[in-house]
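Model the full structure from these sequences, guided by the hints.
What follows is the residue order along each chain.
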Amino acid sequence: DAGVTQSPTHLIKTRGQHVTLRCSPISGHKSVSWYQQVLGQGPQFIFQYYEKEERGRGNFPDRFSARQFPNYSSELNVNALLLGDSALYLCASSLWDSTWNTEAFFGQGTRLTVV
Amino acid sequence: DAKTTQPNSMESNEEEPVHLPCNHSTISGTDYIHWYRQLPSQGPEYVIHGLTSNVNNRMASLAIAEDRKSSTLILHRATLRDAAVYYCILKRTNAGKSTFGDGTTLTVKP
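Those protein sequences? They're chains A and B, same order as listed. If you're matching positions, the first sequence starts at 1 in my numbering and goes up one per residue. If you're matching positions, the second sequence starts at 1001 in my numbering and goes up one per residue.
Check the hints yourself; a few may be wrong.
[Said to hold, decoys possible] Here are the in silico distance ranges between beta carbons for each label pair:
#1 A/Val38 with B/Pro1007: 19 to 27 Å
#2 B/Gln1042 with A/Lys13: 31 to 39 Å
#3 B/Asp1102 with A/Arg67: 28 to 36 Å
#4 A/Asn59 with B/Ala1063: 28 to 36 Å
#5 B/Glu1045 with A/Thr113: 39 to 47 Å
#6 A/Ser7 with B/Asp1102: 21 to 29 Å
#7 A/Ser7 with B/Asp1067: 39 to 47 Å
#8 A/Val38 with B/Ser1009: 12 to 20 Å
#9 A/Glu53 with B/Lys1109: 46 to 54 Å
#10 B/Pro1110 with A/Glu51: 19 to 27 Å
[To be verified] Just a few of them, taken from the derived set where beta-carbon distance is under 10 Å, the chain A residues facing chain B:
#11 Tyr35
#12 Gln41
#13 Pro43
#14 Phe45
#15 Arg57
#16 Asp62
#17 Arg67
#18 Leu88
#19 Leu90
#20 Trp100
#21 Asn101
#22 Thr102
#23 Ala104
#24 Gly107
#25 Gln108
#26 Gly109
Quick caveat, the hints were computed from the structure, so don't treat them as lab data. All C-beta atoms, glycine included, are put in the ideal place defined by N, C-alpha and C.
Structure (structure tokens):
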């Protein structure tokens, strides 16, 4: 079975531009979460989506947005890119239960460099 | 949000047990304790999670203090492949947010 797939794997953008990152969850997983990992630090939570609705949001500016599609894939959008947005962006998918505490499966991430 | 505190780094010898500590003194009654690990150039990998009772799986054991203010991840026989950054995370019931700290870098010596 395919794991969580993210695209692209790497990209370089210029300050002020917009970027869209994509994530395909494991088949059967309806919950997708996004994280930002700056070099040398732990992942920071950005969003969680379940059944196409936002279920959690981290402390990120409104330049960051996301959505989940009917097939449960997801996009993370970042507008007006800043140099500080350079990071590894991770997507994780999971099954859902009433506790919201199931195992999350992470993709390999998208390495974004803003110049 | 409740925070976790972990040592920056730990070392272990191959085939010996490893005990990775985590302090979470502000944990709430609805917070689960999760452990993930991250190998270089890879996304984090789930290790184990629990709420109140000690937990065991094929990868590790999780020992949770009676007052839940600390926990310990136990790798019973460390291998070179266990060298990674280990993250202790609190995740609230019915909430989508997970807060990672900076983790413990485990070095395993042959």
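Hint check results:
{"no.": "1", "hint": "A/Val38 with B/Pro1007: 19 to 27 Å", "result": "21 Å, holds"}
{"no.": "2", "hint": "B/Gln1042 with A/Lys13: 31 to 39 Å", "result": "23 Å, violated"}
{"no.": "3", "hint": "B/Asp1102 with A/Arg67: 28 to 36 Å", "result": "30 Å, holds"}
{"no.": "4", "hint": "A/Asn59 with B/Ala1063: 28 to 36 Å", "result": "31 Å, holds"}
{"no.": "5", "hint": "B/Glu1045 with A/Thr113: 39 to 47 Å", "result": "25 Å, violated"}
{"no.": "6", "hint": "A/Ser7 with B/Asp1102: 21 to 29 Å", "result": "28 Å, holds"}
{"no.": "7", "hint": "A/Ser7 with B/Asp1067: 39 to 47 Å", "result": "45 Å, holds"}
{"no.": "8", "hint": "A/Val38 with B/Ser1009: 12 to 20 Å", "result": "19 Å, holds"}
{"no.": "9", "hint": "A/Glu53 with B/Lys1109: 46 to 54 Å", "result": "48 Å, holds"}
{"no.": "10", "hint": "B/Pro1110 with A/Glu51: 19 to 27 Å", "result": "48 Å, violated"}
{"no.": "11", "hint": "Tyr35", "result": "8 Å, holds"}
{"no.": "12", "hint": "Gln41", "result": "6 Å, holds"}
{"no.": "13", "hint": "Pro43", "result": "5 Å, holds"}
{"no.": "14", "hint": "Phe45", "result": "5 Å, holds"}
{"no.": "15", "hint": "Arg57", "result": "8 Å, holds"}
{"no.": "16", "hint": "Asp62", "result": "17 Å, violated"}
{"no.": "17", "hint": "Arg67", "result": "15 Å, violated"}
{"no.": "18", "hint": "Leu88", "result": "9 Å, holds"}
{"no.": "19", "hint": "Leu90", "result": "5 Å, holds"}
{"no.": "20", "hint": "Trp100", "result": "5 Å, holds"}
{"no.": "21", "hint": "Asn101", "result": "4 Å, holds"}
{"no.": "22", "hint": "Thr102", "result": "9 Å, holds"}
{"no.": "23", "hint": "Ala104", "result": "6 Å, holds"}
{"no.": "24", "hint": "Gly107", "result": "5 Å, holds"}
{"no.": "25", "hint": "Gln108", "result": "6 Å, holds"}
{"no.": "26", "hint": "Gly109", "result": "6 Å, holds"}
In terms of the numbered hints stated before, the structure departs from hints 2, 5, 10, 16, 17, listed from lowest to highest.
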